[in-house]
Amino acid sequence: DAGVIQSPRHEVTEMGQEVTLRCKPISGHNSLFWYRQTMMRGLELLIYFNNNVPIDDSGMPEDRFSAKMPNASFSTLKIQPSEPRDSAVYFCASTRSGQGGMAFFGQGTRLTVV
Amino acid sequence: GQQLNQSPQSMFIQEGEDVSMNCTSSSIFNTWLWYKQDPGEGPVLLIALYKAGELTSNGRLTAQFGITRKDSFLNISASIPSDVGIYFCAGQQDNQGGKLIFGQGTELSVKP
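As they're listed, the protein sequences go chains X and D. When we follow this note's numbering, the leftmost residue of the first sequence carries the number 1, and every step to the right adds one. When we follow this note's numbering, the leftmost residue of the second sequence carries the number 1, and every step to the right adds one.
Worth flagging that the hints you see were computed from the coordinates, not collected in a lab. Remember, it's a predicted structure, so these values are computed and weren't measured experimentally. Beta carbons: idealized from backbone N, C-alpha and C, even for Gly.
To be clear about the criterion: a stretch of chain D counts as covered by chain X if any three or more of its residues have a C-beta under 8 Å from a C-beta of chain X, and this derived list gives those stretches: (1) 37–51; (2) 85–92; (3) 100–108.
With the hints as constraints, model all of the structure from the sequences given.
This is the structure we're talking about:
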């Protein structure tokens, strides 16, 4: 089975530009998570979906960040406008309800905003 | 918010030595997990624990779910160079829909 697939792997953009990160969860998984990883703050949960519905977005830093999950096999995390402090590695993870929190991570998108 | 305190932050050991790291919280968790992250990759699940007092092994790795449900530890025996990486604990509470809270990580370096 393919794991969680994220694209792009690397993104370099200029401040003020819109950035869209993409995630395809593992087939059959019904929960999806977006995490951000930085040296200073570690792994932070931004938002998670259950059955395509956003359940908790309290970790989303501000209104510049938005996430969607239009169907069970696709999710996006958008930053508009981007700022240098958004530079981080963004991870998507998925799990199946009842699997006791066993989330599987993608390889991440390294975002650099200059 | 909920926090997991993981220690130590980093370890530098000789190949063959045993390693121990732990995670504590002021909150009760009903699931504890341990992940390893290699450079440039996402975290990979190593061990999952579901019951207070549970002791689970995966090869040279052994993890325990603390009796109070507020802590967990991970041991690595006879370390080898490929054990290098960052180890994270993660906790899940009931009714959180799989939401995982992560510790800050323990960076392990192994000298051949």
